[in-house]
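Novice: Given chain A, put chain B in place with the hints provided.
The chain contents come next:
2 protein chains.
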Amino acid sequence: MGAKTKGTGAERELIHKLWALGWTACRVAGSGSMLYPSPDIIASKDKRHLAIECKTTGKDYQYFDVKEIKELMEFSKKSGAEPWLGIRFSREAWLFIHPSELIMTKNQFGIARKKAKEKGKNLDLVLRTKHL
Amino acid sequence: MGAKTKGTGAERELIHKLWALGWTACRVAGSGSMLYPSPDIIASKDKRHLAIECKTTGKDYQYFDVKEIKELMEFSKKSGAEPWLGIRFSREAWLFIHPSELIMTKNQFGIARKKAKEKGKNLDLVLRTKHL
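So the protein sequences, as listed, match chains A and B.
By our numbering, the letter at position 23 of the first sequence is numbered 41, and the numbering carries on one by one without gaps.
By our numbering, the letter at position 86 of the second sequence is numbered 104, and the numbering carries on one by one without gaps.
Okay, chain A solo, but in the shape it has when bound (with noise of 0.2 Å):
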């Protein structure tokens, strides 16, 4: 199974434990052919939105371009979102950073798979405490 096949299962699988607590959660369609700065999930309950961009790595380390989070944080701005990163690390649940704990390194910003068990939230945290 290619990387691109697991992301996406690992982002349906995200999709419906959103919608199992109560939320709303839509995939976002191709973003890349559309042009716009968009998320991969637009979560929402209650007026309180999460834009969230999602990763599935089999290392202990995960990157992310400058430009996606710089797009992340004006979709997020304009729209009204919080923004998340949500890492699906291997053998581990889904793990929530915000995007200002990402550490930058070589023209990347990326964390490890040990601080992001340390600084991220489980998905029942994000849910339950709002981000400021």
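Just so you know, these hints were derived from the structure itself, not from any lab.
Some clues are possibly wrong.
[Claimed, not checked] Among chain B residues calculated to face chain A with C-beta under 8 Å, some are:
1. VAL46
2. TYR54
3. SER62
4. ASP64
5. SER97
6. LYS124
7. PHE127
[To be verified] Below, in silico cross-link-like pairs of lysine-lysine (DSBU-like), each with a Cα-Cα straight-line distance of 30 Å or less:
8. A:LYS124 / A:LYS63
9. B:LYS124 / A:LYS96
10. A:LYS65 / B:LYS77
11. B:LYS63 / A:LYS95
12. A:LYS63 / A:LYS135
13. B:LYS65 / A:LYS65
14. B:LYS63 / A:LYS88
15. B:LYS65 / A:LYS35
16. A:LYS63 / B:LYS88
17. A:LYS139 / B:LYS65
18. A:LYS63 / B:LYS85
19. B:LYS65 / A:LYS63
20. A:LYS85 / A:LYS96
21. A:LYS135 / A:LYS73
22. A:LYS63 / B:LYS73
Each residue gets a CB set at the ideal place from its N, CA and C atoms; glycine is no exception.
Specialist: This is chain B only, laid out in the frame that chain A set:
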């Protein structure tokens, strides 16, 4: 050009307009395949969110399935978005109708082109005025 292609083209055009007017706008991916009630487009600005179901028609009457309208209302209520029906009759600009303005006929909801022009809002007006 088939109805589906035409519909997607019209949706893309609407998305371009929304971004040009300072909103974010995302097309929801394969809403059908996920089996969750999702609109065609989610448009947002400054914490105001619109859930838009889109139709393009060459006819003078646009029908909506009861299920489609129920799902749009359910999604909107849950997420805190405003529900809107975007209809693009041939040779007209997009017209936006609130679901409450549809008429129920023969187990379907619908609205005539003439009525839509009378009751509908154009895009600028929808974006300027919050529907309560």
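Novice: Hint by hint, which ones does the structure fall short of?
Specialist: 6, 7, 8, 9, 10
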